[in-house]
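Model the placement of chain B on the given structure of chain A, informed by the hints.
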Amino acid sequence: MPKRTDLKHVLVIGSGPILIGQAAEFDYSGTQACRVLRAEGLRVSLVNSNPATIMTDPEIADATYIEPLTPEFVEKVIAKERPDALLATLGGQTALNIAIGLYENGVLEKYGVQLIGADVDAINRGEDRQKFKDIVRSIGADAPRSRVCGTVEEAIETAGEVGYPVVIRPSFTMGGLGSGFATDEAMLRRMASHGLADSPVHTVLIEESVLGWKEYELELMRDRSDNVVVICSIENIDAMGVHTGDSVTVAPAMTLTDVEYQRMRDVGIAVLREVGVDTGGCNIQFAVNPADGRLVVIEMNPRVSRSSALASKATGFPIAKIAAKLAIGYTLDEITNDITGVTPASFEPSLDYVVVKIPRFAFEKFPGADPRLTTTMKSVGEVMSMGRNFTEALGKAMRSTETKAAGFWTGAPDNRSAEELLEALRTPVDGRLYTAEAALAAGATVEEVAAASGFDPWFVDQIALVREVGEAVREAPSLTEPLLRRAKRHGLSDRQIAALRPELAGEDGVRALRRRMGVRPVYKTVDTCAAEFAARTPYHYSSYDEETEVRPREKPAVLILGSGPNRIGQGIEFDYSCVHAVMALQDAGYEAVMVNCNPETVSTDYDTADRLYFEPLTFEDVLEVVEAERAAGPVAGVICTLGGQTPLGLAQRLKDAGVPVLGTSPEAIDDAEHRGAFSRVLADTGLLAPKHGTATTYAEAHEIASGIGYPVLVRPSYVLGGRGMEIVYDDATLEAYIAKATDVSTAHPVLVDRFLEDAVEIDVDALYDGTDLYLGGVMEHIEEAGIHSGDSACALPPITLGSADLLKIRAATEKLAARIGVRGLINVQYAIKDDILYVIEANPRASRTVPFVSKATAVQLAKAAARIAVGETIAQLRILGVLPASGDGTDLPEDAPIAVKEAVLPFHRFRTVEGHGVDTVLSPEMKSTGEVMGLDAEFGTAFAKSQAAAYGALPTEGTVFVSLANRDKRSAVFPVKRLADLGFRVLATAGTAQVLRRHGVTCEVVGKFSEGPGNVVEAILAGDVDIVVNTPFGSPGNSGPRLDGYEIRTAAVSSGIPCITTVQGLSAAVQGIEALRRGDVGVRSLQEVHAALAGGTRGGPSAFAGTQA
Amino acid sequence: MREALLVLEDGRTFRGEAYGATGTTVGEAVFATGMTGYQETLTDPSYAGQIVAMTAPHIGNTGVNDEDDESSRMWVAGFVVRDPARRPANWRATGTLDDELAAQGVVGISGIDTRALTRHLRDRGAMRAGISTELSADELLARVTAAESMTGADLAPTVSTQEAYVVPAVGEKRFTIAALDLGIKTATPRHLAALGVETHVLPSTATAEELLAAGPDGVFLSNGPGDPAAADYAVAAVRGVLDARRPLFGICFGNQILGRALGLGTYKLRFGHRGLNQPVLDRVSGTVRVTSHNHGFAVDAPLDRPTDTPYGQVEVSHVGLNDDVVEGLRCLEVPAFSVQFHPESAAGPHDAAPLFQRFVDLMEEARSHQVHAGGPAPVVEHTTGENT
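Chains as they are written, first to last, in the UniProt record's numbering: chain A, 1 to 1109; chain B, 1 to 388.
Bound conformation, chain A alone (with noise of 0.2 Å):
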């Protein structure tokens, strides 16, 4: 069936921020959709509140809405631009449930709307447990026992009759939110209530457990003539009991027969065409009994999902694009597939590689959260690799997560016993393939080892194969070219090599001796067929075999290495800024080369660059790759400022290995980091920086604290995202800190600074070429100087500040940018207090807000910043258009809109061992793992526009518990003044009503959580308040005022409600609030906004009032 004709306007919805369990891969699924339903010839607009993704960029869609993901916006959007369709299924579940929401509320129907490649009977019939599993039984399938309950007591009662443990599943939540095991009752009594009221319609599924089977994926994509293909295969290592998201993962398959596997796709097929999934992707989840083979399903997503985006990049064949052509009626065998380029879409891909997924976690951002895994999904990101088997792929992925260790032997020894390694592996935490090597390596047997983590044996053994292979490298006399070969074949590193052969003289000394014997990887492809037939993409992973598939090149080349996996401080941002430079150096007549192992994201989708290695970012590997590039043509040099923290501690090594490294040096960048270093260069520029000084023992550390004064900030060096930071107001906990630290060393010394407390902070990234800076973008930080700017809502053009602040600051970043000599990108943090600006670190790189400036101010900072690297001016790029002609982010016009950045935090996906949620307050120590962006005409709308979009719509009217530090209670009376002339019912604790009484505001006392019954947590859980203002004191710990703050700030996140832990975050909320009451928030495109401030025809506010529904 060809594409349908009635469809000329299509609306997509993106997955807005990045939370755990929908991350970038619905940035790489939604800009794949986009791009093909304009290359169809359809017009596409797009809503999605994330400013990072690349599917929010104004060329990506027609007309693009940064805007909150919610149904009241959404609506907005639909009755300006009037689309003839909706597209939901590449959005996530985020996307999924606004589309079912405007079905039922009428407004699809209500607009002429339709919803294609999605059927809401079809969702709601994967999506209720209950139903799904009628449906798996009416099609002779097994599924495990269970029933839905809508109250703890029958959850309890069903659990009675399956037994325990059970599976607790919360009704329509995403990446596995509120799911769990119970043992006992108690267990089960806590779980359950958590989990209804996570879930949106108060529905958990309490299910036999099949805990300890093994776990598989199917990938699977329908069209509308009933054609069903089966994408790919996904084995998790990790068996059931463990989120597939936090499990390490391989594809296809690796131990079931066909006679297994045809059932297991049969069952597929039959669920996917009884559910009725229209058209698209559908991911369903199987577990099998190892002793038995006993197959059941499990569940189903009938969109496309994380593994959908894994799978693309495990296959090649492009998930979200194919299902954004089925969405318009294409069938799948009119669809050529891309790497062929001759055969259809209508197959299933056959591979003759192994690919390994492996996630990575950030609990060390949350002390105290159980680092047990579970079925709540909680890694942050994760890596694929692809090897020619799977020792190989294994190696690759151990690799790349970026880990303290980097595959087997190279982190410090597991010396316990086998006895005490095996009881460790039984419960699934980050890092149990060390730990079953370690078994392995102290006398356990391979059965042994597969019992006690659920591995299945043939994974087990072949870590016992990298074991020998690793063991046969220590014992050998000499290290022959045979067994060199045999341990990379099997996935060892360089480094893992020296590690067992210290007389190699590390790593280097290991390439060496490897180039002499000649032993290097060569680059296959992956073509979905097997080799079948010719592939036309170039996209690559390496192996140790015979032949190489690099094809030469006349075009210079220029590699981007990329960021490797997503993790807090180092995200979707920095791909962003990978992905324009690849669009900016074609433009300028190089071909990208694109370098990333992480999966999730579009710098890795096969369209983007014009050549993809899909590599861990280790120096072996990205030298290895640069010198098959090197052979297959020129090459101009690597770019290792646009990826973080991970290229650029590649870059001085690769230069002194001979590579040309583009853009600002390696010797800059070290000028930047090493706080000596930029403290001469502060000298030499005559700015000033906070009281200093580094230390590598508390001795120093606290010489350095008394000559400066507390509070100060303390903080490793070399970090990004403010690992480790913290603020510290005495020596008790001072010397805690250092103590705690445990990798001090004088390479690494702990920075102590004086803490500027109520200083405004601000954030500027700018663009240097040698001659001339260009000032990207000035952003003012909402809460004060000491959160973490990852984790500070910010507003462009500054809100406070005056132009002669902005002159101050530009003089100041130029003086910064030559003496560091940037060429390219410079992230600078600076802080004002009483008039004076201090310099609070510079980044000589692509920082995380690159593309928040480059959408607020419609200039494109990484394209130019590419541009600079390979040698242009800004002079030239001012006169090629890449640069605006005059002007830069310091002479924004004066009724250029407010953009508002907010960050979104992950603590609702965590607990403590015990149970309880963590803490939620905000430090130097970044812990958002995402963010949104509010833009409107004025900053109270755009403020109010970044919750809504974060956390759903502030109040604009109830109660607010108010409860104050000291020195914040001053400067907090008047907006809580404020909020009670807008009527709202104003709760306090003592303390903090007193303060208020006295200010006329009436108010009513309510108790902390310390002082028993009838407390303000108790309020907050019943539903009595609907915004919170906590802003916390006293130091860390387990008892008085901080615990009360905790309790309450721990209850908001759980309630759902708006929590607001600053006096300035306060503030901006009143003014959001005074705006939604006015009630004239409105929409307008974001190339309505560029061409606004373009053109200087500026929009004015009256240009986002005038859209409203």
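Over the 12 Å line for every Cβ pair with chain A, so calculated as not near, a few chain B residues: (1) Glu134; (2) Ala147; (3) Pro157; (4) Pro310; (5) Gln313.
If we take Cβ atoms under 8 Å as the criterion, some of the chain A residues that face chain B in the derived model are: (6) Pro252; (7) Tyr261; (8) Ser350; (9) Asp352; (10) Asn389; (11) Pro457; (12) Glu546.
Bear in mind the hints are in silico, worked out from the structure with no lab data behind them. We treat Cβ as the ideally placed atom computed from N, Cα and C, and that holds for glycine.
Positioned in the frame of chain A, the structure of chain B alone reads:
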């Protein structure tokens, strides 16, 4: 670790390790892209005379079991894998593949760049090859170039049963068929039995008279190895069945035999179709089925129009979407049809299994015609059966 060599007739040589039996073997080198089902592949008689390279790197992970053999033994001439499993991991496994290959005398090679081999065969076509754990490359090449080519090879009699046997229906018997064993797999009678069909399996050289002797409701032509142009005996038998207007269903080699019986030509594909992921368009229903393939030869027939044959018009019912190869024939005037792929799968997806039902429907229809015509039509007596 014993070394092994794989030498192709154009001289390309791969050095790896011995896998399975040691010794020397020659055959036609082909690649198979299925990611599962090596046990079924090894025991599929259609692979007789072929050195099969598996493109999936890990082979042997599920060991071998007593249930998944497709015939009484392994038929491949040699086996090429990249990473053989060191241990099987599956609840049904009764042994390792390595041991089973050795026990059945299948000479194999492991540890070579199977993707490089596949690309070579893809670009230059399937060709003769040899594996040896004892000869030098030159000696092996001499053996390879002296070996017979697959073109013109008549292999069905070497894999066929020598004695007729019966596979009973499961449950009530509704139909009886005669199956010409050109290399039949056990999955085929199993599928038929489940539909109430009793299958009388006859040797490949059975004549039309022998096929029709028991008065079967239909005749089935199995898959099998070799060049269909060298199996004139089977072509003659099929013409006899067509003359008798007896319902006929052929698969794979059987499709080629039917084609030749209808007067169509067959030709050798450059590298063939061997995999479990091949999209085939059913031109009648317009649906695409993902099907299991194993064929080096194909029928030559026009795709755009029916062809006139001595048995009336025949049309191409199925087309391979990857390369427009004829994947099925449907006679418009006699009750006969065939497909080039494997509805019995094993290994492979079950999408095409309903074709067995179509065969049953055809027999049902024929039977109802007979009933309306007042009893069994004496077609057998009327036929000359002498079309050779």
